[in-house]
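Respectively, the protein sequence lines represent chains A and B.
When we follow our numbering, the leftmost residue of the first sequence carries the number 46, and every step to the right adds one.
When we follow our numbering, the leftmost residue of the second sequence carries the number 6, and every step to the right adds one.
Any given hint might turn out to be false.
[As the list claims (entries may be wrong)] Okay, derived cross-link-like pairs now, DSS-like style, lysine-lysine, Cα gap no bigger than 30 Å in a straight line:
hint, chain 1, residue 1, chain 2, residue 2
1, B, K35, A, K298
2, A, K298, B, K79
3, A, K641, B, K127
4, A, K198, B, K151
5, B, K127, B, K163
6, A, K143, B, K163
7, B, K86, A, K715
8, B, K195, A, K191
9, B, K173, B, K202
10, A, K198, B, K127
11, B, K86, A, K123
12, B, K35, A, K307
13, A, K143, A, K211
14, A, K299, B, K202
15, B, K163, A, K307
16, A, K299, B, K79
17, B, K35, A, K299
18, B, K86, B, K151
19, A, K298, B, K166
20, B, K86, A, K307
21, B, K86, A, K299
22, B, K130, A, K715
23, A, K198, B, K166
24, B, K111, B, K35
Keep in mind the hints are simulated off the structure, nothing from the lab.
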Amino acid sequence: MPYESYNTCMQKYKSISQSIFVLSFFCLSLFSHYAAAEQPQPQAKAQLVAEQRAIQAHQKFWVGIYLTMADGWHTYWKNPGDSGLQTQIEWSLPSGWKAGAIQWPVPSRIEVPPLINYGYDNQALLLVQIQPSGFKTPNDVTLKGKVTWMACKNICIPFTHNISLKMPVQTDLPAFDTNWKPRFDAVRNAVTEKPTWKTSLQIDNAQPFLIVSTTQKSSTPAEITFFPDSESHVEGAVFSAKESSDPLRITLKKSAYTPEVKKVTGLLVVTQNKVPQAFYINHQVVQAAAPIWTILFFALIGGLILNLMPCVFPVIAIKVAGFVKQAGKPAEIRKHGLTFVFGILFSFWVLATILVVLNSAGHAIGWGFQLQSPVFVAALSILFFVMGLNFLGAFEVGASFAGMGDKLARKSGYAGSFFSGMLTTIVATPCTAPFMGTALGFTLGQPAYVTMTVFTALALGVSLPYLLLAFFPKLLRFLPKPGTWMVTLKQALAFPLFATVIWLIWVLGAQIGVDGVTWFLSGFLTIALIVWLTGKTQTRSKVKKIILWILIAALLAIGTLFIANGLNSSVKQTVQTRGDTQWLPYSDNQLNILLKDHRPVFVNFTAAWCVTCQVNERVTFRSDEVKKKFAELGIVMMKADWTSYNPEITRTLAGFGRNGVPLYVLYTGKEENSTPQILPEVLTPGVMLAKLNETFNK
Amino acid sequence: MKLLNLKSYFYGLVLALAATGSAFAIEAGKPAPEFSLPDINGQTHNLSQYKGKLVVLEWTNPECPYVERHYETKNMQEIQKEYMGKGIVWLSVATNPSFTTQELAKINTQNAATPTAVLIDKGAKVASLYEAKTTPHMFIIDPQGKLIYNGAIDDRPKPFKDTPQTAKNYVRVALNEVGSGKAVSNPMTKPYGCSVKY
Chain A
46 MPYESYNTCM
56 QKYKSISQSI
66 FVLSFFCLSL
76 FSHYAAAEQP
86 QPQAKAQLVA
96 EQRAIQAHQK
106 FWVGIYLTMA
116 DGWHTYWKNP
126 GDSGLQTQIE
136 WSLPSGWKAG
146 AIQWPVPSRI
156 EVPPLINYGY
166 DNQALLLVQI
176 QPSGFKTPND
186 VTLKGKVTWM
196 ACKNICIPFT
206 HNISLKMPVQ
216 TDLPAFDTNW
226 KPRFDAVRNA
236 VTEKPTWKTS
246 LQIDNAQPFL
256 IVSTTQKSST
266 PAEITFFPDS
276 ESHVEGAVFS
286 AKESSDPLRI
296 TLKKSAYTPE
306 VKKVTGLLVV
316 TQNKVPQAFY
326 INHQVVQAAA
336 PIWTILFFAL
346 IGGLILNLMP
356 CVFPVIAIKV
366 AGFVKQAGKP
376 AEIRKHGLTF
386 VFGILFSFWV
396 LATILVVLNS
406 AGHAIGWGFQ
416 LQSPVFVAAL
426 SILFFVMGLN
436 FLGAFEVGAS
446 FAGMGDKLAR
456 KSGYAGSFFS
466 GMLTTIVATP
476 CTAPFMGTAL
486 GFTLGQPAYV
496 TMTVFTALAL
506 GVSLPYLLLA
516 FFPKLLRFLP
526 KPGTWMVTLK
536 QALAFPLFAT
546 VIWLIWVLGA
556 QIGVDGVTWF
566 LSGFLTIALI
576 VWLTGKTQTR
586 SKVKKIILWI
596 LIAALLAIGT
606 LFIANGLNSS
616 VKQTVQTRGD
626 TQWLPYSDNQ
636 LNILLKDHRP
646 VFVNFTAAWC
656 VTCQVNERVT
666 FRSDEVKKKF
676 AELGIVMMKA
686 DWTSYNPEIT
696 RTLAGFGRNG
706 VPLYVLYTGK
716 EENSTPQILP
726 EVLTPGVMLA
736 KLNETFNK
Chain B
6 MKLLNLKSYF
16 YGLVLALAAT
26 GSAFAIEAGK
36 PAPEFSLPDI
46 NGQTHNLSQY
56 KGKLVVLEWT
66 NPECPYVERH
76 YETKNMQEIQ
86 KEYMGKGIVW
96 LSVATNPSFT
106 TQELAKINTQ
116 NAATPTAVLI
126 DKGAKVASLY
136 EAKTTPHMFI
146 IDPQGKLIYN
156 GAIDDRPKPF
166 KDTPQTAKNY
176 VRVALNEVGS
186 GKAVSNPMTK
196 PYGCSVKY
């Protein structure tokens, strides 16, 4: 049997590693037992080489497995492709010494249509870093290994070569081998850990896309080649951009061997101006596949809970109080109730449409996007402030937004109900209730009709109390009859509104800084004055009226100036510092570096405007017990601050099937591509500690 | 917040995408393509003539170390004999072989292999139909002509001689499942081996 004799042949002469070349040839000729015609000889050779002439005690150093073959022959990358064999090495090192994983040079695509392989023509230098510990012989050390690889041309020949290298040991800094050092550098430098390109995985209707973008714009076309890892759920791809646009969208093809694309990992090579940049990408979709009914239920519950949030509660309470006035007129209540609900539904649909349209255009937008804009936050806070003043009675609005009482009989009352529905949605936007995050996150990558359905469920959840009242006006009997308590209630409800203002300004502060906020608050002062003076314009004296209006106009101008000035400020750092010194700012590159070093990492995706996040922050992450546990386990804590627009974080969230915060991800760092764990949104110290114990005490 | 960039969206649609690569695979569950090939004795075989029987297609190449591993250890011959004894048709397929028909016949005898037939696929037409990638690459077709397995022979993609009988053999598992009336639990696996010669 030729294969047997080939191996025995190699075994017999294995001690003469220098002559491997000759022996392969020799042994190969025995192989021709099954060779039909003149078989080409690969002249395959494997050597162990080093870039240093000697090694120092306890200092890491690099060695290379150098494979050579005759022309026309090739060997394989870590993912050989449709056929072939990945090169592997089994080390025999002194005890305590550790060898790292093989650092592969950037491969080429070897196409023999319809098949594709990834590998190296003619030669390959595979690098391995060795970490020595003790030395038995103080003068030199011999490194040994058994490398298994395959060389193919028309036929494939597998090899097992025993390679060894004797290295002298010295105390001084060793000199470099001028022949090998540049070649080692070339392999190491070919793959960068700080690419100028950012990537993310987007799955639209189960079709995976790789989004590639850069901050450095250039008009020369880019060619992109993707070399997937063996575990990748997609196949390799080549992409030529005729005109560099931002972002580039590469259609990936799902591998036939996986039902669903959940993992896209491998090497991406972007060539622009003939300069290639190669970097590893790792995108995993970690999504708990939930049946649509659970998601809709979550959206409904989330919407219902939103009613209790301080931003929404006052508006809702006033609306209910409005209904109380109509007790006894069930038809009126039903009509107004339904119009109100429709106002809510409509506004949610508008929000959902904006989200869908922006997302499909590749813009990194998620739920809460409206709050990433300081202008929007500012506008919301002014709105709440003015509403609070109205509730307190500082002024009256003609067709009151709250639709309270008086004009309900007229048709304009319906418009009022509709707009108060819209208002309810607007004031709901700063709040994220539990369950809402999961439900909304689920809409990522789903067809538009799924997103609309989830948003509809959310809107219905919010509207549930009204719907109940609209259809069962008899329930109003449980509420007290109209009376002066309504005025007191309205005044009292001004305070939750002011509380929301305080919170929004805190968010604004994270976005524009303390100075900006001060300017802004000065603007508030002028608003308060304007509101009060506007109330006073209900006077008979024409002169008084004119003076007041002039004053109001002046204040308006001053106020606008203050506010604009405030909004123009920006805060230098977006990461909060007080009490948060242990948080490292998140970046994909930093995370990859940490994971390569097998460090455990905890990523906290948060935003100043996210209530659940802030609660978790104070209750859990500032708890001494939790902090101690994190330190004990050596977990690196990273904070991804999504308070302001950040496409990198948006895309990372998208990779987890989310488009909202909070999101808590725990990487154990145990294996390089291990699946990270997602922690629940409502994170108490108990839950956090339990999860840490569970994960790290395996 | 960035404004909507319609231009980028437009270009995204227009850009040339060449998602080349190992793009394909005949899916299990689809009807197996019909073919007509000569065997090493000159007889022609059509897939349709075996309707009503389970058919195993085994892409082979005697020069390939992965194939040799199964033949030298008699693993392939054992599986062939065992299941042909149960009425299965086993067709080995050599695409663009570097051996002459006589040499292939001789190798077959030397190996003591007893497949129903060894087919010669010159020009790789049938390999293209089935999108065969490696040697070995196994396909199983049910009596109604539907493809029920497409993939590797086992879970040990090694070219070196060991005991493949101890590996999890996907072909055995699939044939046993069909034999007991169950559906094939693992219909598609990634095949391994040397490239099929196109």
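These are the hints, each one checked on the structure:
1. K35(B) / K298(A): Since the Cα atoms of K35(B) and K298(A) sit roughly 20 Å apart, the hinted pair holds (cutoff 30 Å).
2. K298(A) / K79(B): Roughly 38 Å separates the two Cα atoms, so the pair is violated.
3. K641(A) / K127(B): Given that 30 Å is the threshold and the Cα spacing comes to 48 Å, the pair is violated.
4. K198(A) / K151(B): 35 Å, violated
5. K127(B) / K163(B): 27 Å, holds
6. K143(A) / K163(B): 26 Å, holds
7. K86(B) / K715(A): 46 Å, violated
8. K195(B) / K191(A): Within the cut-off at roughly 27 Å; holds.
9. K173(B) / K202(B): 27 Å, holds
10. K198(A) / K127(B): This hinted pair holds, its Cα atoms lying about 19 Å apart.
11. K86(B) / K123(A): Measuring from Cα to Cα gives roughly 36 Å; hence the hint is violated.
12. K35(B) / K307(A): 25 Å, holds
13. K143(A) / K211(A): 17 Å, holds
14. K299(A) / K202(B): 25 Å, holds
15. K163(B) / K307(A): 27 Å, holds
16. K299(A) / K79(B): 36 Å, violated
17. K35(B) / K299(A): 18 Å, holds
18. K86(B) / K151(B): Within the cut-off at roughly 23 Å; holds.
19. K298(A) / K166(B): 35 Å, violated
20. K86(B) / K307(A): It is violated: about 41 Å lies between the C-alpha atoms, which goes past 30 Å.
21. K86(B) / K299(A): This hinted pair is violated, its Cα atoms lying about 37 Å apart.
22. K130(B) / K715(A): 47 Å, violated
23. K198(A) / K166(B): Distance ~21 Å between K198(A) and K166(B) Cα, so the pair holds.
24. K111(B) / K35(B): Given that 30 Å is the threshold and the Cα spacing comes to 36 Å, the pair is violated.
Checked against the numbered hints above, the structure breaks hints 2, 3, 4, 7, 11, 16, 19, 20, 21, 22, 24 and satisfies the rest.
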